[in-house]
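Residue numbers (our numbering), protein chains in the order written: chain A, 1 to 179; chain B, 1001 to 1542.
If you are wondering where the hints come from, they were derived from the structure by calculation, not from laboratory data.
Be aware that one or more of the hints could be misleading.
Stated by the list, open to error - No more than 20 Å apart at the CA atoms, straight line, and that leaves these computed lysine to aspartate or glutamate pairs for EDC-like:
(1) K1533(B) to E60(A)
(2) K16(A) to E1487(B)
(3) K1533(B) to D51(A)
(4) K15(A) to E1305(B)
(5) K19(A) to D1247(B)
(6) K138(A) to D170(A)
(7) K16(A) to E1305(B)
(8) K1391(B) to E1305(B)
(9) K1533(B) to D170(A)
(10) K1533(B) to E59(A)
(11) K15(A) to D1247(B)
Residues per chain are reported as follows:
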Amino acid sequence: MSSSSRPLHIDPLEKKWLKVAFALIALFVGVILYTGFFQHVHPPGGMETIDSAALHLSEEFAEDRLGVSVAPDGAIKVTLVAARYGFYPRSIKVPAGRPITFRIASADVLHGLHVPMTNLATMVVPGYISTVTTRFPKPGEYPLLCNEYCGMGHDHMWSQLQVVSQEDWDALTPSSKEP
Amino acid sequence: MPESSFKPLILSHFWLAFGSFGLACVLGVYQVLERSGLIPLMQSPEVYFASVSTHGVLMAFVLTTFFIMGFGYLVATTSLKMPLAHPKWATAGFSVSALGTLMAAIPLLLGKASVLYTFYPPVQANVFFYLGAALLVVGSWFWAVIMVVMFGLWKKAHPGATVPLPMFATTANAILWLWTSVGVALEVVFQLIPWALGWIDTIDVGLARTLFAWTLHPIVYFWLIPAYIVLYSLVPKAAGGALFSHDLARLAFVLLLVFGLPIGFHHLYMDPEHGQGFKMIHAVGTFFVMLPTLMTGFTVIASLEQAGRKKGGKGLFGWIGKLPWDHPVVLAAILAFLMLIAGGFGGIVNASYGMNAMVHNTAWVPGHFHLIFGGTTVILYFAAAYAVWPKLTGRALIEGSLPLVQLWSWFIGMIILSTPWHILGLLGQPRRISSVAYNSLLTLAWDPYELAMIIGGLILLGSAFLFLHILLASQRKGLRIAAEEAEIHYADEEPEGTRVPALLNGFGVWNLVILLLMLANFGYPIAQFFLFKTFGSTGWGY
Ligand code: HEM
Ligand SMILES: [Cu+2]
Ligand SMILES: [Cu+2]
């Protein structure tokens, strides 16, 4: 026993492998940082609070404010309330190929929102507003599913999202044609 | 022999762990059947969610905690060659945890705690569920403290000597668990219990989720470290070789401990209550914990290669065929690696800050953790049980190739269960649904995969029963063997006199590093709930 401790021992083969491992990690981290900072690929975020028990009194989430709205500058916003067991309004229509910002609040418990095979996904946490922006490349009928357990009716919690082509959209909303 | 006196205690831990596991597997098969819609009479969300909550708690908290405690006591006494310190406290810890399990099981089975193993307020469970879960954790703290105490006692009695690797890793795990469990303990004690008792009306769900995420990531290393101990300390000898690397093995455990803790936000990527900055910091940290696993893969495979070459294996891959595939510990390690490679790939997808949106809360996620937790980790728990059973029972494992059949069937069943599960996730199926009720064309494509999962589940259930049978039959009818034959063979360590660097022989500095990292990564995100006005939630039924 005894004698003083020796320095860290790393086998030459291990040294090589460590380099490979660091290269792998650098690659993944690099991709994340690059797509995040240069292509703006981010998850939802930003702490915005709301009283989930009083959504009907709020500016943004009162019943008559929900649904799709087009701002004067053409920006499209979808305001939804997630409540057992649906996303309200139950059916919405948006154009393909344009950035669309979803704003969602829960009226009761946790929910999750996901449109399969797209990156439209966010948790909906009571007390907080979820904001997520995406673009749907292809027109079609999409289900908007709840993907967080929210009670016995969780299986039934979904709404419909219709993505229409740009031309159909313009026909629907003449105002959005104006510059 | 002083050590024989605590064998019943360790066996009690193992039987509680594996008994719960067997029951949970039965529930698992019910779940895959129910959700497939194959038998319409079975359809019931009430039963399904009670079952998933019970299955999740039994697998994630009961199987793991009791196995880890039992295995820890065994590793401590056999690798340090000293008697159990404070056996009375160990018994007390077991009793507290067992009582907690019972207390939580009753509301779970009655459908009064269908809040899933992740608790997820504001759906509210019966208070006994939260109390039971808290006691389970408190009992495990007794274990963690005893591990740290034994580590200290041994070092004091052997000044300057290197702590044997399996005990070094076990102590790392005990310390990891103490840090890890604080998050969920705060949530349960200061939020869920007072709220379920009606002492407070509302709780902040954002804070609750943040505290849970503190625990949710490192808890997987708590489960994994005993499996890694099997890989590092039991596999090399079983394969007929030696451990390739000593320092890096220790470093791997230190890295798991230090970097496993401050990265839990990858469970909250999709949450609104945190900003993108902290999410990105945790994302980068998450990729750094790949390092210890990549190191482990290298060291263990290199150890196996040396063993295979010693047996005459030639060429780039010839050594693989020479390995003793008929040794349960070696076979389990090989199968565990295969599942780890697939599961690790899936984990990288989950961890990816942006890509996560495609798979978050889809069926991909349970597919992933069944493969890596139910597969890689649990198959190494089986290996550990086979390796230590003779020591604990004084009897050899029953004759024949049953353990090999058991391991292979677990592997095959897990592949058949988890592959379609991943595909379902990519096809958009949410996790945690008891039936497919969406009136959408998309869901037609889901049916065949749900049916395949039933086959996987049935194979796994058969394998689980076989496992319990082997343990029981060996304990009751196995050949009695001499004490020397029952010894546990840990991989050789360096000869005495060569001392590893002090940083790899203790945890003082590392605890400080963890403290700083936790402050940096969780300090503000938790403080924000107190700095800003937030709105709490009342409790909801389900
Ligand atoms: C017979 C083998 C098994 C089968 C058939 C099975 C099946 C299932 C099913 C169908 C679910 C529900 C998932 C959902 O609704 O999204 C589930 C959940 C779960 N399983 Fe298993 N499982 C098995 C073994 C295991 C093992 C060995 C473990 C880990 C050691 C495990 C851990 C879990 C956990 C933690 C959950 C809860 C997930 C949640 O709350 O979302 N399972 N399992
Ligand atoms: Cu929901
Ligand atoms: Cu994690």
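Consistency of the hints with the structure:
Simply put, K1533(B) and E60(A) have alpha-carbon atoms about 18 Å apart, close enough for the 20 Å limit, and the pair holds. Pair hint K16(A) plus E1487(B) does not hold up; C-alpha atoms about 36 Å apart against a cutoff of 20 Å. With a CA separation close to 10 Å, the supplied pair K1533(B) and D51(A) stays within the 20 Å bound. Straight-line distance between C-alpha atoms of K15(A) and E1305(B) comes to about 18 Å, which keeps the hinted pair within the 20 Å bound.
The hinted pair formed by K19(A) and D1247(B) meets the criterion: a straight-line CA distance of about 17 Å does not exceed 20 Å. This hinted pair checks out: K138(A) and D170(A) have alpha carbons roughly 16 Å apart, not beyond 20 Å. Distance check on the hinted pair: K16(A) and E1305(B) sit about 17 Å apart at the alpha-carbon level, within 20 Å; holds. Taking the CA atoms of K1391(B) and E1305(B), the gap is about 28 Å. The hint is violated against a cut of 20 Å.
Restraint check for K1533(B) and D170(A): the C-alpha separation of about 42 Å exceeds 20 Å, so the hint is violated. Distance hint between K1533(B) and E59(A) is fulfilled; the C-alpha atoms sit about 18 Å from each other, no more than 20 Å. For the hint pairing K15(A) with D1247(B), the CA-to-CA distance comes to about 12 Å; that is within 20 Å, so the pair holds.
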